[in-house]
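Single-letter residue listing:
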Amino acid sequence: MSTNTDNRPAPMRLLDPSVLSTMSNLELVAKAVVEGFVIGLHRSPKFGFSQEFVEYRQYADGDDPRYIDWNVYSRTDRTVIKRFKGETNSHLMLLLDTSASMGYGSGESSKLQYGKYLGASLAYLAARQHDAVGVMLFDDEVKEYRPPASKPGSLQGVIHTLDAAQASKGTDINQPMTRFREHIKKRGLVAVISDFYCDAEELLENIRPLALHGQDVIMFHLLDREEITPEIKQSTLYEDMETGQAIEVEPAFMQKAYRDKIQKHIASIEKAANGIRADHVLLDTSEPLDKALHNYLTFREKRG
Amino acid sequence: MALLGPLFLLGLLGVAIPLWLHRLETQVTEREPFATTMFLEPAKKRIHVKKKLKYLLLMALRILFFVLLVLAFARPVFYAPPQAIVTEESTHHVIVMDTSFSMQTEGYFDAAREAAENILSQMEDDDIASLYSASTNVASVVSATSNPEDIRQGVDALAPGNGKLDLGSMISSLNTMIEASQANFVLHVISDFQQTGQAVRFADMIPDVINGRPVSLEIVRVVNESPENWAIDSVVVNGLNNIEVGIRGFARSSSDRTVSLSVNGELQQEIETRLQGEGITFVTFENAVFAEGDNRLDIRLTPSDSLAGDDLRHTVFDNSPPAPVLLLTDDEDSLGVTYITAALETAPRGYEVILQSIEGLDPRILQRYPWIVIEDIGAINASLAGAINNYISGGGAVLAASGESVFGLSSIPVLGLDISSSALGRESRNPITMIDSSHPALSESAGWSSVNVRSIPVEITDEDRVLVAQANEQPVLLERTIGRGKIMLLATALDNSLSDLPVKPVFVTFMAEAARYLSNENLLIREQIGESFLQLSVAGGASGQVYDPDGESLLSLADTTQAQDISLDKTGYYQVFTSGGEVLVAVNPDRRESDLAIMDAQVLQNWQNVVAGTARSDEQSLNAESVTQEEALEEREIWRLFLFMLVIIVLAESILGNQHLRVKTGTL
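Residue numbers (the working numbering), protein chains in the order written: chain B, 1 to 304; chain Z, 1001 to 1668.
One thing to keep in mind: the hints can contain errors.
[To be verified] Derived CB-CB ranges, DEER-like:
hint, chain 1, residue 1, chain 2, residue 2, range
1, Z, SER1654, B, LYS256, 34 to 42 Å
2, Z, LEU1003, B, LYS256, 55 to 63 Å
3, B, ALA257, Z, LEU1003, 50 to 58 Å
[Unchecked claim] Partial selection, computed: residues in chain B whose CB lies under 7 Å from chain Z:
hint, residue
4, LEU237
5, ALA246
6, GLN263
[Claimed, not checked] Capping the alpha-carbon separation at 20 Å, the derived lysine to aspartate or glutamate pairs in DMTMM-like fashion look like this:
hint, chain 1, residue 1, chain 2, residue 2
7, B, LYS264, Z, GLU1041
8, B, LYS256, Z, GLU1463
9, B, LYS169, B, ASP240
10, Z, LYS1486, Z, GLU1463
Derived by calculation from the structure, the hints in this document are not laboratory data. Note that this is a predicted model, so its numbers are computed, not measured. Beta carbons are placed, not taken as given, at the ideal position from N, Cα and C, and that holds for glycine.
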């Protein structure tokens, strides 16, 4: 049965960053994004978001007691757990870059703000599917770390941590990743949200251990439209938000050479991601979040 | 360059304002934040430099604005050499044209213009010329120029005037007026070279070596033989209303002419007479009729000769009735009364002396007289002294003598001056040793030195001005101002008991001048020669208005409040209005100009030869040049140029500044 929910305008509009920026509550943003996105998916058999029952499984230690079917227990004295379609019982670790460059934004939202929306939405989506969610904020060091958890209230904790994130210093992915590898023990999903203004080789060196450790890595590469296709009319003196270095550039350079360079960089990051079987999702911060969520679900489905 | 208002240079501190503004500009508004510069490459240098230059240019314009503004207020001047560029091989033709009265002789000035044209037509390409007019005064008409056309225009604008040329004065003036240049000077003097124009000392006609350069003299005589001329030489009106006219002849034969008399523009009499070729012919007009006050007497010779200007003479005749003067005396038959009356009645102005006994004087009548004479101030009692004091304070004037009556007093009435009794009666007559000749009543001071006086020893105060004194500083004549009036006190008697002043010729002159001074009459000379100066300060007031013979006012409204010297360029009658009333001044050409006899050719040749011999060697000339050229630099103010540049700077700054504003809004 087909409906026209895919074309419902209101939820779709909610995914637009310019609309989201008007909402001050990040949890509300995440809920609006995910609910709108889920409705749009229209019970797709491809993804397990419909709360559709699949089977019972014997309760084992470590299972969340919230999912025990108490009706079955009353009738049979057996503690079983309801399994739903799409449920993986995995955990998701969000790694959000809060370096100064993430504070850049030519429109209503900066890349950091967009990253917060994305992180919160992913956390909400994961929690909805009973996945444990954790978060780590980093720039050139670990600013905040919250281990994955699926306990009640852990989602709010993650969203609160994201909400408090502020762009500050420069990026150095080496030290935060080392720390992260020390903390993470269990296999799961790792979503890195960053503008990846680092050397591709360096990035590869830091992500590769995660992959070897069995983590499934998805890299959300956030860039502002002006960073991808800049438009200036005359020579402009640009100041690096992380280093403070000022460079004067001319329009012709930004029109051609710069674009080539940034595309080459994006390609190198993507190549590095592919090299460790990580997913690379390039996101324009002026575009709605559904692309990101869609990619996430695809990724999760593949790895699930 | 020099500055006339150097204190304005403090305004240069304002240059700090654009410097400060541009410092903020580069720090605040230039940079655009960007996520990373790792993929950026600096623009090519030329773009960066161009952009910086734009702002530097704007800053430079703003700094220049302040600098120009300050300089404009500081009023800079610079010293520039004369416009024409000359070399040592150039010749500077200094053309001096005689514009004295004699050049009005028929054909003289046309010949002078032709002579000037001849000089100009012979100028070489690198020669320069300057033009001067010479009469009573020498004036620069066209400064040094290489363009002969400028000189031609100057020559065309010249016309002979009414003054007299003295060749010695002319050379003396040229020595200081001729501009410096490297050229060799040739002095072209174009004149009729009258004998009367020759300097008293021949040496006065030798010019200095001008600015260290050789000078040669070119004499351009516009006439070879002087024409016959007759001129009205003198006009005298005697007491019987007869006018005696003297006509001087400068001719070899006699001439029949008609001499006419016009009074105030109306022809009254004509006399036909034969004028002598040489010497003076007198003609008398009898029983002329005059109006009261100033009369304009015009004596005319017809038909005119070749120099028509001196065939008409203007004269002012004052037909005012004698002014009344009150003479207070205690003895109407005294010698003093006789002397005073005689002196005043024979004065040029003419005074009617009213004798009044001091005893029977009603003080109220004092106000009828502009000034009074007191024969013996010692005879004045206290009440009358008070009345006289009031009279003086109200604007009256008194001339008082100290007669025998003073000897019994301890102080001089009216003035209150103490009399030194210890010295009284011991002095014999002593000569005069000090005369203040700057005082209007003592301008003819020559005769005072022969006067012997025994004076009353008075002790003067700070209010008194001693005009005449003896060797022991004993004052003989003093003056004091009381209120709006004044009193002159003679510390001696006006009979011959104490001094011989009344019997000396200077007494009459003194009484006439004192009368004119005390009665506030103007001291103008009523008949002047052309191109002389009229001093308004002696016209009875420090300000006034003057109308020339054509009825044109000569002073602006602002000038009328200041004392002025008026140049009398035209012949005829000048009307002078001052607070003292209206006065006519007749102006005629200098009589000496009527003698058209020319200088001897040999004298002129000698003059030319002597001047040529004064030229120095080239080496000496060059040494002198370095000094004199610097002195001759012209001072030119250039603040107007700065103001003009300021306007351009403001416009440029506005346009450039506006462009920069557009740049900022268009970025990204």
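A quick look at each hint next to the structure:
1. Here the CB-CB span from Z/SER1654 to B/LYS256 is close to 37 Å, well matched to the stated 34 to 42 Å.
2. Under the hint 55 to 63 Å, the C-beta atoms of Z/LEU1003 and B/LYS256, about 58 Å apart, fit the expected range.
3. Restraint check, B/ALA257 to Z/LEU1003: a C-beta distance of roughly 57 Å satisfies the suggested window 50 to 58 Å.
4. Interface hint status for B/LEU237: upheld, as the beta-carbon distance to the closest one in chain Z is roughly 5 Å, under 7 Å.
5. At its closest, the beta carbon of B/ALA246 sits 6 Å from a beta carbon of chain Z; the interface hint therefore holds under the 7 Å criterion.
6. Taking 7 Å as the C-beta contact cut-off toward chain Z, the hint placing B/GLN263 at the interface is violated, the least distance being around 10 Å.
7. With a C-alpha separation of about 15 Å, the suggested pairing of B/LYS264 with Z/GLU1041 holds against the 20 Å cut-off.
8. For the suggested pair B/LYS256 and Z/GLU1463, the alpha carbons sit about 102 Å apart, so the restraint of at most 20 Å is broken.
9. Taking the CA atoms of B/LYS169 and B/ASP240, the gap is near 12 Å; set against the 20 Å cutoff, the hint holds.
10. For a cut-off of 20 Å, the pair hint linking Z/LYS1486 to Z/GLU1463 stands: about 11 Å separates their Cα positions.
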